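**Q** Protein chains in written order, with the working numbering: chain A, 259 to 464; chain B, 9 to 107.
Note that these hints are calculated values from the structure, not bench results. From a predicted model like this one, the values you see are computed outputs, not experimental measurements. Accuracy of the hints is not assured; some may be wrong.
Stated by the list, open to error - In silico DSS-like pairs for lysine-lysine, Cα to Cα no more than 25 Å straight-line:
| no. | chain 1 | residue 1 | chain 2 | residue 2 |
| --- | --- | --- | --- | --- |
| 1 | A | Lys352 | A | Lys287 |
| 2 | B | Lys74 | A | Lys287 |
| 3 | B | Lys74 | A | Lys352 |
Stated by the list, open to error - Okay, the calculated bits of chain B under chain A, using three or more residues with CB under 8 Å as the criterion:
| no. | region |
| --- | --- |
| 4 | 17-30 |
| 5 | 48-54 |
| 6 | 72-79 |
| 7 | 85-99 |
Ideal Cβ placement from N, Cα and C applies to all residues, glycine included.
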Amino acid sequence: MAHDAIDQEQVLASDWGGGRSPFDVGWPKLMMWLFLVSDTLTFAGLLAGYGVVRISLGRWPVRAEIFNLYLVGAMTFILICSSATMAVAVSAAKRGDDRRVIPYLLLTVLGGLLFLLGQAYEWTHFIGEGARLFGNPWGIPQFSATFFITTGFHGGHVSVGVLYLLATALRWSRRSIQPESVEIAGLYWHFVDLVWVFIFTLLYLI
Amino acid sequence: MAEGTHQDGYRIYGVVWFWLLVITLLELGAVLVHLPHTLLVISLLTMALMKAGLIIAYFMHLRYEKLSLAYAVVTPMFFLAIVLFAFLGPDALSVLHRR
């Protein structure tokens with residue numbers, strides 16, 4: 259019996275024995291992480307599909323001649339900047355540096371809006387050159403299909419992120435949320451930036 | 009996280025921001041100078057993974073979380089990468105060769 263008692267003590271003392279949070283984060287943050295893992299699978303599916311189509315075709319239009327890489331570079335720059343301002347907003351919220359939270363959240367929103375503007379311009383230009391979801395002048399229909407679906411899905415995430423950040427800023431100004439909520443919104447925003455790293459590399463550069 | 013003055017506490021984000029920009033410029037540079045294809049693909053993927061690592065570790069704070077959370081997030085990605093390369097890669101190539 260004494261032996262069993264010791265075993266039970268050891269189990270309870272371990273991270274997974276119950277009685278404590280194994281991940282040592284609150285549930286809202288854990289849920290956001292799990293959502294981001296599942297959202298990663300969504301984008302991985304889109305990018306893997308793109309990879310299969312492109313490799314199996316063996317030919318693909320030269321992106322540098324179709325897209326303005328400087329514009330895409332500028333959009334990437336803006337998104338990275340907005341991720342940095344978001345990180346500052348989160349850090350400020352957590353350390354009680356109140357006067358920085360709202361301005362940096364709004365700067366992040368501005369970055370997101372500028373990015374969306376760049377994307378709207380790019381899509382307009384691309385469509386103006388004849389690109390459609392199921393066809394384009396470059397003779398490889400899958401090229402514009404994967405482009406519209408992947409960047410569109412990402413752009414949707416950015417749009418939702420902008421609304422999410424605006425709501426977060428509003429609720430923070432009303433003092434109705436804890437710093438952890440700002441941090442969770444930050445996780446989402448950084449994830450959007452993270453996905454763009456791969457879209458930028460795989461769709462435009464490689 | 010209260011060490012140093014407020015200004016010092018934000019420095020890490022400036023540093024990460026700087027390196028993300030440097031790597032992005034290197035990526036664009038690699039495309040604009042027309043590196044040989046294989047070298048270009050390998051270097052671009054390496055740089056993308058470096059950027060991803062910086063964002064996840066510092067912006068998303070995963071470096072400062074408990075290791076169990078980091079494993080819970082990173083392990084699925086690891087297996088996902090293996091499955092995608094192992095199953096879809098050969099499939100795509102076999103379609104290419106049958107054309």
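**Q** Next, verify each hint and record whether it holds.
**A** Status of each hint after checking the structure:
Restraint check for Lys352 of chain A and Lys287 of chain A: the C-alpha separation of about 14 Å stays at or below 25 Å, so the hint holds. Of the pairs offered as hints, the one joining Lys74 of chain B and Lys287 of chain A holds, with about 13 Å between alpha carbons and a cut-off of 25 Å not exceeded. The straight-line distance between the Cα atoms of Lys74 of chain B and Lys352 of chain A is roughly 18 Å, inside the 25 Å bound, and the hint therefore holds. Interface restraint, the region 17-30 of chain B with chain A: holds (8 residues with C-beta to C-beta distance below 8 Å; minimum three).
Counting residues of the region 48-54 of chain B whose beta carbon lies closer than 8 Å to any beta carbon of chain A gives 4, which reaches the threshold of three, so the coverage claim holds. Counting residues of the region 72-79 of chain B whose beta-carbon sits less than 8 Å from any beta-carbon of chain A gives 4, enough to reach three: the coverage restraint holds. Residues of the region 85-99 of chain B lying with their CB closer than 8 Å to a CB of chain A number 6, which satisfies the three-residue condition for coverage.
Consistency with the previously given hints is maintained throughout, with no hint failing.
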